[in-house]
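Please model the entire structure based on the sequences and the hints provided.
So the protein sequences, as listed, match chains A and B. Mapping of the first sequence onto our numbering: position 232 corresponds to residue 357, and the numbering continues sequentially without gaps. Mapping of the second sequence onto our numbering: position 208 corresponds to residue 333, and the numbering continues sequentially without gaps.
Derived by calculation from the structure, the hints in this document are not laboratory data. Careful, some of the hints might be misleading.
If chains are identical, the list can't say which one is meant, so a pair holds when it fits in one copy or spans any two.
[Unchecked claim] Below, in silico cross-link-like pairs of lysine-lysine (DSS-like), each with a Cα-Cα straight-line distance of 27 Å or less:
| no. | residue 1 | residue 2 |
| --- | --- | --- |
| 1 | Lys255 | Lys134 |
| 2 | Lys270 | Lys151 |
| 3 | Lys373 | Lys288 |
| 4 | Lys306 | Lys410 |
| 5 | Lys142 | Lys127 |
| 6 | Lys373 | Lys306 |
| 7 | Lys414 | Lys288 |
| 8 | Lys228 | Lys142 |
| 9 | Lys127 | Lys236 |
| 10 | Lys151 | Lys236 |
| 11 | Lys228 | Lys151 |
| 12 | Lys142 | Lys236 |
| 13 | Lys228 | Lys134 |
Number of protein chains: 2
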Amino acid sequence: MKISDVGEKGLVALAKKIFRSGEIVKVGIGDDAAVLDVDGRSVVVTTDMLVSGTHFPPGTTPEQMARKAVVANVSDIAAMGASPLALLFSVALPRNLELSFVKRMMREMDKVAGEYGAYVVGGDLDESDKIIITGIAIGIFRNGKITKRSGARPSDLVVVTGKLGGASAGLKILLEKILKKGFERLVRAQLEPRARVREAEALAKAGLVNSAIDLSDGLASNLWHLSRESGVKLTIERDLVPDDPLVKKFCAAEHLNPDDFVLFGGEDFELALTVRPEKLWRVMKILQKKGCPATVIGRVSKGRGVQIKKNGKTSELPDRGYEHFQ
Amino acid sequence: MKISDVGEKGLVALAKKIFRSGEIVKVGIGDDAAVLDVDGRSVVVTTDMLVSGTHFPPGTTPEQMARKAVVANVSDIAAMGASPLALLFSVALPRNLELSFVKRMMREMDKVAGEYGAYVVGGDLDESDKIIITGIAIGIFRNGKITKRSGARPSDLVVVTGKLGGASAGLKILLEKILKKGFERLVRAQLEPRARVREAEALAKAGLVNSAIDLSDGLASNLWHLSRESGVKLTIERDLVPDDPLVKKFCAAEHLNPDDFVLFGGEDFELALTVRPEKLWRVMKILQKKGCPATVIGRVSKGRGVQIKKNGKTSELPDRGYEHFQ
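Structure representation (structure tokens):
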């Protein structure tokens, strides 16, 4: 059997079976990030590998590579309810790369890390024919507790931050060289994402969230993760899901299905949260104060799986997304 | 200018200039690992990227890849005087790879992590045409203080653990398919290295070491790092450097120069330490009790650079090694 037969999901399930856990492991394999007990303090750590071609479309600038490498990692820290502290980067580069390219990349890594309150403290350099950036982020829980994927409870509401679909629509524009005017913001959503770090910190401090996951793999795929880890059923309504309005316009112009971007496209680095209904108004208030759109898209109930209501019908939401082992 | 013109050393110097530091950064770029202040506790973190072809010679088994990925990272933790706690792996794999290959790799990662007292707590999976493993190790200082590259002081003695040159001689055997009998141990030194974690923990606990560095890039290159970071001169004697006796035999048989392996070959994952002369006997006692050979190879003095005494002459030891950007 090949690894492509089991996909990323199968490999993660395998890893969960194989790797031992211990007292110091407060959160292990299967969440956005791992949490370690260091003498009574919780330290959160995550890693994300970005490979040029797959994660960096042709023409990505060094600044854009740097930004994405920082954002993909701090977004996982945010999903745990923690604050980023430090970043490391293991970088493989072609040896004939211009030095100025690396300078620009490093400067932007430093700048974007600073935007999220973190320092770049180390890394490793290697040679490779294509650019590979493995980012590592370390964070702490300044206030509040660990927010896990496994904390969703029946009757919780499902909330998402931001508008969805922009980053993957931007990727399509780049890969297929669709050069129509007016969609530049979608391209920027792909190349220059931002993470919901300040928003997640504020929510963690207020202790309002039962579970959270970042939407880097796409809404469908990530809600399935949440459902599996929490052992609950999620039911969302298609009409409630906040499509990026420009994605709708783009899809109308190009005769495409918005679902492919809004439900199944990833890299928006938004968050899905579940909250108790009586706490919703406080969650909305905190997010609105940060200028962050927040939308209730469904509910949690007993059971398993992810359902979607669309045109009066309820069906299972396919568990496919933006993963690299489909 | 290309990055190959400045080499890894130039890129690290650039990184030291570009990246900001802050209060939480106790040790930043330029040491074996970074040390963060997490609410008064020191947490050490390091990353090492291994790329198939460069770091994994043809024929490397999944178990050997796993072992090397663990050892390369825990060795950096050991060089800081810390104890490994947890490991993460960002792994890129070809999609047609056999699932059994990944299973074997994961099982061995778990086993070897356990040998060094650590758990595998997370990672990331991606697709790539060749196997890339970025390891991340996190450690703590159970007893004792941080051992930096910058702590060497004039009149310190330079001590190395183990015997040198085996891993790089093994690499030559593998790459050039030198199939003579009797050199199997050199191949194993390349494919199945071990890190001096227990030894470093014991030394750290006793507080005997002024500075330390792991010899993953080769003795010459790593002593130059130590010299630069400490702002001192190191003078070593060629006759004192502990050649792996089998490397000597191999070089005699193949008409090769042992210096290329013992001084300039890397991946032995031994440690170089500097210690006060009056503390030497205690360092030797601790290492001998762990079954670890320990050899004084030279001294630290005021000045800059690394000198080698050979055949009655003293000359500068070339700063070249086992790096991937020469």
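Now for the hints, and whether the structure bears them out:
no. : hint             : result
1   : Lys255 to Lys134 : both (26 Å within a copy, 21 Å between copies)
2   : Lys270 to Lys151 : both (12 Å within a copy, 26 Å between copies)
3   : Lys373 to Lys288 : within (11 Å within a copy, 66 Å between copies)
4   : Lys306 to Lys410 : neither (36 Å within a copy, 74 Å between copies)
5   : Lys142 to Lys127 : within (18 Å within a copy, 45 Å between copies)
6   : Lys373 to Lys306 : within (15 Å within a copy, 69 Å between copies)
7   : Lys414 to Lys288 : within (17 Å within a copy, 62 Å between copies)
8   : Lys228 to Lys142 : between (42 Å within a copy, 10 Å between copies)
9   : Lys127 to Lys236 : between (41 Å within a copy, 23 Å between copies)
10  : Lys151 to Lys236 : between (31 Å within a copy, 20 Å between copies)
11  : Lys228 to Lys151 : between (38 Å within a copy, 24 Å between copies)
12  : Lys142 to Lys236 : between (39 Å within a copy, 13 Å between copies)
13  : Lys228 to Lys134 : between (37 Å within a copy, 14 Å between copies)
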